[in-house]
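Hints are included, so try docking the two chains, each in its own frame, into the full complex.
Note that the protein sequences, when read in sequence, are chains L and F. If you use the working numbering, the first sequence corresponds to residues 14 to 385, in order. If you use the working numbering, the second sequence corresponds to residues 2 to 326, in order.
Source of the hints: derived by calculation from the structure; they are not laboratory data. Be aware that one or more of the hints could be misleading.
Claimed, not checked - Estimated spans, in silico, between C-beta atoms of each pair:
#, chain 1, residue 1, chain 2, residue 2, range
1, L, Pro295, F, Ile55, 54 to 60 Å
2, F, Val69, L, Gly168, 49 to 55 Å
3, F, Val61, L, Asn174, 53 to 59 Å
4, L, Pro295, F, Pro151, 46 to 52 Å
Ideal placement from N, C-alpha and C gives every residue a C-beta, glycine not left out.
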Amino acid sequence: MQYNFLKLQSAAVGLICLSFAFASCNGGGNAANSSDSTKTDSTSATSDNNTILGAGSTFIYPFFSKAFSVYNQQTGVKVNYQSIGSGGGILQLTNKTVDFGDSDAPLNGEQDSAIGVPVLHIPMCSGAVAISYNLPDVKDTLQLTPAIIANMFLGKITKWNDPAIAAVNKGVKLPNTPVVIAHRSDGSGTTNIFTTYLSKVSPDWSTKVGKGSSINWPIGLGAKGSEGVAGIIKQTPGAIGYVELAYVLQNNMAFAKVQNKAGNFITPNINSTSAAGNIQLPADSKVSLTNTDAADGYPISGFTWAIIYKEQNYNNRSQDRAEKVVKLLWWNIHDGQQYCAALNYAPLSPAAVTVAENILKSATYNGKAILQ
Amino acid sequence: MDKTKTMSAPGNISFRVPSYQEIMEKLRIKKASRPYKQIKWEVFFKRSLVAIAILMVLLVIGIFFTLVVQSVPSIKALGIKYLWGKTWNPVTNEYGAYPFLLGTLLTSFLALIISIPFSFAVGIYLGEYNTKGWLSNLLKNAVELIAAVPSVIYGFWALVVLVPLVRAIEIKLGVVPYGIGIFTASVVLAIMIIPYAASIGREMIKIVPQSLKEGAYSLGATRYEVIKSVILPYTKSGLFAGILLSLGRALGETMAVTMVIGNTSIIPTSIFAPGNTMASVIANEFTEADRSVYLSALIELGLVLFLVTVVINMIGKRIIKRFTR
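Isolated chain F (complex conformation) (with noise of 0.2 Å):
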């Protein structure tokens, strides 16, 4: 108990303690107004961590103006038509977001579903099964060590590895065997953001109630029983935040997936066809975008994805609202 109380209060208690006697008589040695001073400190502590904070705000205000300010041109010369225009060409001046929104959206979700299992496997085994010991640290930090991964090592992997498999599965599946596309890009993806759901979900299980989990027991659950009746419900908004995560990561993520998505503006008619995502397009043609138009239609695309990437966190805020009830 005394040690929770010391950790949520660390300032004030500490002063409390028996030995608070002691630092007076070092203080009054030193300076008398000592007290007096730790008070200003506190209150400028306390002002500074509002302004940082108020400062993060700021800056996602000021990124949101930013897309919209250059944004008009774009907005100006081809209308709310550009969200659903289905083709993105450069030399007529013509651009449509609805491919890679499509794509975007297409290569997230996909990746969400594959990873779901696996993440959920992780979070449940380290959490509830293994919770100590060399094994279950050494198998939490490996599952960390994939989100310390640089996404460009993921791309380079899959081209090399996961290509060449995605290929032979593609030639038994009858379709034509491009190797890369929506499908490679959906796995590389899958595995980068498995760390993001795992670990919220570890931590999340980690935290349920002994009493309840006992409770369970002594009704005569069994170990599987007590995961999906009382472990499971009894998290599930966490596990639904971590998937929220992990969203967000697919979302945004470029290097990984531009260089196995196949990066064509053809509206992708299968999973295993080739498509591109908003962000590996900004990232590909910004450099040598030479028209106001272009470049501005680049800048929109950047602002639909932050619009998107709100929406489905505004949605996403909405269920673990109502899970939670």
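Bound conformation, chain L alone (with noise of 0.2 Å):
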């Protein structure tokens, strides 16, 4: 018996001290490599020449993760896309990690003098933000306008009952339920596409509050996720929040008709987003969809962007690998579309394609196009 405890005592001791070896030595070795991670990150990506690595926007996702798999089969280039928010994806493209991010907003200034040189934004699909709300009485679909939401979100109207309400929804019959807000508290691009929108389209809103992915919400109930948000909505009567529509849908959700610039009240949905887009866009397409002049356009809507360097030559990156990147973004926006509306995401509309094609051509390897 003692024997055997000496035995145990001294393979403990030996145990400890292998941990404790492998700790250090692993410490010392993230010691030494943090100070060139981006390199390091950057060989250990190039030398799996077959995986193009993306991060950035959750609510593309879905969407990713369908069409590479696609993609990979067709083609047997993997892609490694992580899901960790806009601003996450664009920090790792300014550390050179990845070969693309993905965000639901162009670049601020601040995110494009940390990268120093030019990028390009490429379409990949739309998406709308709805207005769900949470009126157990009301069976009809209410229509909103710009105004009331506006009013709604600033804590102006706070009945439902509010006679602007009433006169947008005749023969409705509005219960006394008081309005409550309910928002997303994490930073979140489809909160930047909804406060866009308000901005554009209530002075009042644009100089209280402004727009961003986190703003300072006059009132109101933050939740994390759209599911967060739709749990509020779903839970509280007299709820009204914003929700992506894809969220939305899935979960049978009542949502409102929105009036657009034209004075149409739109029912959110794929062929209305995708008809958002279908405008005079500018050739580096950094635009935001919202409160479109499109007749038939859906206004709370916009798009997400994948980002990549204009010039693929970086870090010792191989042409193949530039090639592998810009490829893979072209059938995005080609034959990647056609997984968009099962999702409950707006496929780009004709001209958005052609945008996107034109940027995508401007991609460079050592000042050549890749594409020809």
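Following this line, the structure appears as structure tokens:
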């Protein structure tokens, strides 16, 4: 017995030493690498030349995971996309640890200067933000004007039977329920699209609150993620909030028709969202589709952009790798678009595809265009 | 007596018990130098323990310095008024931690107040009334299981079960019936932190010397009186340490809180109003913080949380010291 104990003890000591040795070895390695993390990361990325790395928007993730798995079957090229949020994706691209980022908003001034070199924004698909509400006794679909939405989210309209709402919903019996605002508490591209829209349609919102992926909400309850906002709306009678269209459709939630710039009340769906992007787009595609000029377009929608460096020869990347990235995105804006609708994303409008093609053609390797 | 001795110093004592000769014989067969080797092992073992302990300390210091360094842009831009600034507005790059500091302290202390009767009751029952047997074991394990359940499950449960209940209460009380808010978050937190104080309380109450209790009984004290005037005074520093541990847990809890607190940066006006905590803001906004001052302000929030925890712990240690004196 005693002898066994002795053996056990020495074994334990050995184990501890071993684990300690491993731990210290690991720590040392990290410390040595961290000073030059971008370099090591990119070499590890290039070491597997058949895997393209991407990171960014969580909004686009379901579409990307479907499209990329098909792409893998067709071409053998693997895409590893991490849905860490648009801001995170841009940061990863800035650090050159991924081949492409994906963001629901174009780079802001600070992000632009952090990257320092020209980048390309390629629209991937567009998505709509639906205004969902919970009024158990109202069976008709409510119609909302931009002014009503802004005033509700500013806290100026506090009851559902407000004359302003009644005026555009003739024949609907509106209850005397207090309005409860639900919004996203986490930074999100959905919030960015919605607040950009409100800033465009309401001068009051623009001066008092502003736009961004996180803002200082004047009133309301915040919840994490689409599922959180949906949870508040479903549970609270009188609640209203903004949720991605895809999520609303999948969960059979009630959502409002919204009046667009042309004065039409538009039901958010894939067609009306695609239509919103069928306008004269600027050559760099960096435009917010909110409050679209298109007469049949749903006014609260936006692109999500894949973002790559314009000059693809950086960090000793091979031309082969650069070509693979550009080809992947080319495939995405053409063949990949057919997988949008099933997941409730709106495919790019013909106008948007043309713009995206031209942008991709401007990508270069050593100054020479990658796509001929 | 023997048993405690071998337990307290297993390495040395086991060498001197009768079977020593037997070991020596075996060792002689193997190698005569074994005892020397053993000493070397002892030294090495002790050194590795010290090294690992120091590593832990370095880790904490490292975290603190990382937080400080990363907060520098925010400290430069916002200065000390960050601490009592009342607006948190990423659009205008104006950040004030006050609403979240208030929210963190409010939810944690409210949770503590709600949890104390329960954790003390469990501790006393399991430590004094029912220390053995299947029921005691079942209760003990059930309470400990509370600590093992992932916090997101509490958040989910609260959202589905607790929120409608609180909303019903709020309608009765005549306040705005959100259902989610500081109060709901505090109730969830209270449930989550019960096992910490309860387990420590149970162990503390168990080790109250039998002679003390028997003395009190022999003087004619009832069981309640024994608990009140012998057990609780004897164990108060331990009980307080348990409370402190619960509070630490409550201060840092993120997921369950963020699911039911309402996440607004408006300063709460009542315990039923929505609010936000520091941990919850960090978890919510970190991924999309797209400007350096914003990111840094969030990290500074982590620094403030770190310091709040340290300060509360230091105050707690002082109180424990005063108790034991």
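Each hint tested on the structure:
1. A C-beta distance of roughly 59 Å is found between Pro295 of chain L and Ile55 of chain F, which places it inside the suggested range of 54 to 60 Å.
2. Distance hint check for Val69 of chain F and Gly168 of chain L: the Cβ-Cβ separation is about 38 Å, which falls outside the suggested range of 49 to 55 Å.
3. Take Val61 of chain F and Asn174 of chain L: their Cβ atoms lie about 57 Å apart, and the range 53 to 59 Å holds.
4. Range check, Pro295 of chain L to Pro151 of chain F: about 47 Å between beta-carbon atoms, so the 46 to 52 Å window is met.
Of the numbered hints listed earlier, the single one contradicted by the structure is hint 2.
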